[in-house]
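We have chain A already, so just place chain B on it with the hints.
2 protein chains.
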Amino acid sequence: MEIDLSKPILDRNERLAEENRRVFDEKGVFVLDLMASPGAGKTSTILATIDALRDRYGIAVIEGDIASKVDAEKISAHGIPAVQINTGGACHLESDMIQRAISALDLDEIDLLIIENVGNLVCPTEFNLGENAKVMILSVPEGHDKPYKYPNIFEISEAVILNKYDTVSVFDFDEDDFRSVVGKLNPRAPIFPISATKGDGVSAWTEWLAGRIDAARASAEEV
Amino acid sequence: MEIDLSKPILDRNERLAEENRRVFDEKGVFVLDLMASPGAGKTSTILATIDALRDRYGIAVIEGDIASKVDAEKISAHGIPAVQINTGGACHLESDMIQRAISALDLDEIDLLIIENVGNLVCPTEFNLGENAKVMILSVPEGHDKPYKYPNIFEISEAVILNKYDTVSVFDFDEDDFRSVVGKLNPRAPIFPISATKGDGVSAWTEWLAGRIDAARASAEEV
Numbered sequence: 001m002e003i004d005l006s007k008p009i010l011d012r013n014e015r016l017a018e019e020n021r022r023v024f025d026e027k028g029v030f031v032l033d034l035m036a037s038p039g040a041g042k043t044s045t046i047l048a049t050i051d052a053l054r055d056r057y058g059i060a061v062i063e064g065d066i067a068s069k070v071d072a073e074k075i076s077a078h079g080i081p082a083v084q085i086n087t088g089g090a091c092h093l094e095s096d097m098i099q100r101a102i103s104a105l106d107l108d109e110i111d112l113l114i115i116e117n118v119g120n121l122v123c124p125t126e127f128n129l130g131e132n133a134k135v136m137i138l139s140v141p142e143g144h145d146k147p148y149k150y151p152n153i154f155e156i157s158e159a160v161i162l163n164k165y166d167t168v169s170v171f172d173f174d175e176d177d178f179r180s181v182v183g184k185l186n187p188r189a190p191i192f193p194i195s196a197t198k199g200d201g202v203s204a205w206t207e208w209l210a211g212r213i214d215a216a217r218a219s220a221e222e223v
Numbered sequence: 001m002e003i004d005l006s007k008p009i010l011d012r013n014e015r016l017a018e019e020n021r022r023v024f025d026e027k028g029v030f031v032l033d034l035m036a037s038p039g040a041g042k043t044s045t046i047l048a049t050i051d052a053l054r055d056r057y058g059i060a061v062i063e064g065d066i067a068s069k070v071d072a073e074k075i076s077a078h079g080i081p082a083v084q085i086n087t088g089g090a091c092h093l094e095s096d097m098i099q100r101a102i103s104a105l106d107l108d109e110i111d112l113l114i115i116e117n118v119g120n121l122v123c124p125t126e127f128n129l130g131e132n133a134k135v136m137i138l139s140v141p142e143g144h145d146k147p148y149k150y151p152n153i154f155e156i157s158e159a160v161i162l163n164k165y166d167t168v169s170v171f172d173f174d175e176d177d178f179r180s181v182v183g184k185l186n187p188r189a190p191i192f193p194i195s196a197t198k199g200d201g202v203s204a205w206t207e208w209l210a211g212r213i214d215a216a217r218a219s220a221e222e223v
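Top line first, the protein sequences correspond to chains A and B.
Residues in the first sequence are numbered consecutively from 1, following the working numbering.
Residues in the second sequence are numbered consecutively from 1, following the working numbering.
To be clear, the hints were calculated from the coordinates, so they are not data collected in a lab.
Wrong hints could be hidden among the right ones.
[As the list claims (entries may be wrong)] With a Cα cut of at most 30 Å, we get these calculated DSSO-like pairs of lysine-lysine:
hint, chain 1, residue 1, chain 2, residue 2
1, A, K184, B, K74
2, B, K69, A, K184
3, B, K149, A, K74
[Unchecked claim] So the derived list for chain A, only partly shown, Cβ under 10 Å to chain B, looks like this:
hint, residue
4, D71
5, C91
6, E142
[Claimed, not checked] Computed beta-carbon distance windows for the label pairs:
hint, chain 1, residue 1, chain 2, residue 2, range
7, A, S103, B, K7, 52 to 60 Å
8, A, G89, B, R100, 21 to 29 Å
9, B, P187, A, D96, 31 to 39 Å
10, B, E109, A, G199, 49 to 57 Å
11, B, S76, A, S103, 52 to 60 Å
12, A, E26, B, S76, 51 to 59 Å
13, B, P187, A, H78, 52 to 60 Å
14, B, G89, A, P190, 23 to 31 Å
15, A, G183, B, S103, 35 to 43 Å
16, A, D96, B, E14, 24 to 32 Å
17, B, G183, A, A77, 21 to 29 Å
18, A, D25, B, N152, 32 to 40 Å
19, B, N152, A, G183, 33 to 41 Å
Predicted model only: the values in this text are computed from it and were never measured.
All C-beta atoms in this analysis are idealised placements derived from N, C-alpha and C, irrespective of residue type, glycine included.
Pulled out of the complex, with its shape left as it was, chain A reads as follows:
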């Protein structure tokens, strides 16, 4: 006999994700779940996103890491509310962790909540957090073959950020192949080549995100 031990965990998470979703809807908070490998530039991308959108939206950040609070400190130093979740050993965030984290935030002041997931291309894909959109970052040094090896995260992401694009000549990154495979896995997802630390390409990404936030707001007002 085989028992799928993951099922009760996923079911419970799904239930709590719906609870989170209701709270976010009530408060008019757009929630982004940002996923990537370790070191792909999640925090740098969040900082660049904050700089581009802070005049238009109230922003807060939830940082997920196995250990340490270095990321939340970077965000706070930027003048943006940040809550650090340390998962202990868990390789992804779950909805109950988000539930506890948002109790430390004033949701009335927040239009955009960015959740930085634990660095991992696999496990975060299975856990809804109550977000409006999952978006992933691949960084150029990781290589253009990643969609072959980790197809699921490319399939479920609404947009793909291609970070460290300024190093594309340093690495043997075949952008045509990358775009072709991502296009097959997820034809509707835009790909945004950016350099988060230098700012190149960031506005295309942030304008797309602003469009998603405004669309969610408009559809909520219709209801």
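Relative to chain A, chain B alone:
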């Protein structure tokens, strides 16, 4: 009531790891479990290791990926037996997968079996596969702060390979800080800066590995 669902999975894996260990000991196979983030250069490091050691040892490779067989094809093209494991969705290898994979290999011909784990800095650390040593790769573009965020993998690795070292000037990588934190987490682990694709620094790593293989063999002969 809370039930720790991970315990029976880990216990079963531990039992099978011991079975694997017995088989490897019997056949005199040294087994390396190589762990890293996606795109850190596991396959390139394995290819460089094969080139350095193939005259001294019979080598085979088990490739672990969520999907695709591109890595095993690269190894096979190098004239080395390679078995690809596709985990479906699982974010790490487990001992039962290794058990099935080795049934496709002639262990009498193998002195060194390299297992390329799924790209992930978290989950592979919890699963013994029956290996002699776990070794990790961090690549320079991932950033020097990774030991703060993923301490466990640095703690359990017998050696740390710092790959893509030729790009250290391109990225803001603080090597002193990196060495200091790794030194605190795991004072006995050597750090090998290498460029797997260019060959720089690889011999220090492969000579360390050869020393470990020969020491394991010598201690087996004493018994």
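Structure-based check of each hint:
The straight-line distance between the Cα atoms of K184 of chain A and K74 of chain B is roughly 23 Å, inside the 30 Å bound, and the hint therefore holds. Distance hint between K69 of chain B and K184 of chain A is fulfilled; the C-alpha atoms sit about 18 Å from each other, no more than 30 Å. Note on K149 of chain B and K74 of chain A: the hinted pairing holds, with a Cα-Cα distance of about 14 Å set against a maximum of 30 Å. At about 8 Å, the closest approach between the beta carbon of D71 of chain A and any beta carbon in chain B falls short of 10 Å, and the interface hint on this residue holds.
This hint holds: C91 of chain A has a C-beta 4 Å from the nearest C-beta of chain B, less than the 10 Å allowed. Interface hint at E142 of chain A: satisfied, since its Cβ lies 3 Å from the closest Cβ of chain B, which is below the 10 Å cut-off. Checking the proposed 52 to 60 Å range against S103 of chain A and K7 of chain B shows it is violated: the Cβ atoms sit about 30 Å from each other. Checking the proposed 21 to 29 Å range against G89 of chain A and R100 of chain B shows it holds: the Cβ atoms sit about 27 Å from each other.
Restraint check, P187 of chain B to D96 of chain A: a C-beta distance of roughly 36 Å satisfies the suggested window 31 to 39 Å. Between E109 of chain B and G199 of chain A the beta carbons are some 54 Å apart, a value that agrees with the proposed interval 49 to 57 Å. In this structure, S76 of chain B and S103 of chain A meet the distance hint of 52 to 60 Å, their C-beta atoms being roughly 53 Å apart. Between E26 of chain A and S76 of chain B the Cβ separation comes to about 56 Å, which falls inside the hinted range of 51 to 59 Å.
Restraint check, P187 of chain B to H78 of chain A: a C-beta distance of roughly 35 Å breaks the suggested window 52 to 60 Å. For G89 of chain B and P190 of chain A, the Cβ-Cβ distance of about 25 Å falls inside the hinted range of 23 to 31 Å, so the restraint holds. For the pair G183 of chain A and S103 of chain B, the supplied restraint of 35 to 43 Å holds, since their beta-carbon distance comes to about 38 Å. For D96 of chain A and E14 of chain B, the Cβ-Cβ distance of about 28 Å falls inside the hinted range of 24 to 32 Å, so the restraint holds.
Between G183 of chain B and A77 of chain A the Cβ separation comes to about 27 Å, which falls inside the hinted range of 21 to 29 Å. Range check, D25 of chain A to N152 of chain B: about 37 Å between beta-carbon atoms, so the 32 to 40 Å window is met. The beta-carbon spacing between N152 of chain B and G183 of chain A, approximately 37 Å, falls within the hinted interval of 33 to 41 Å.
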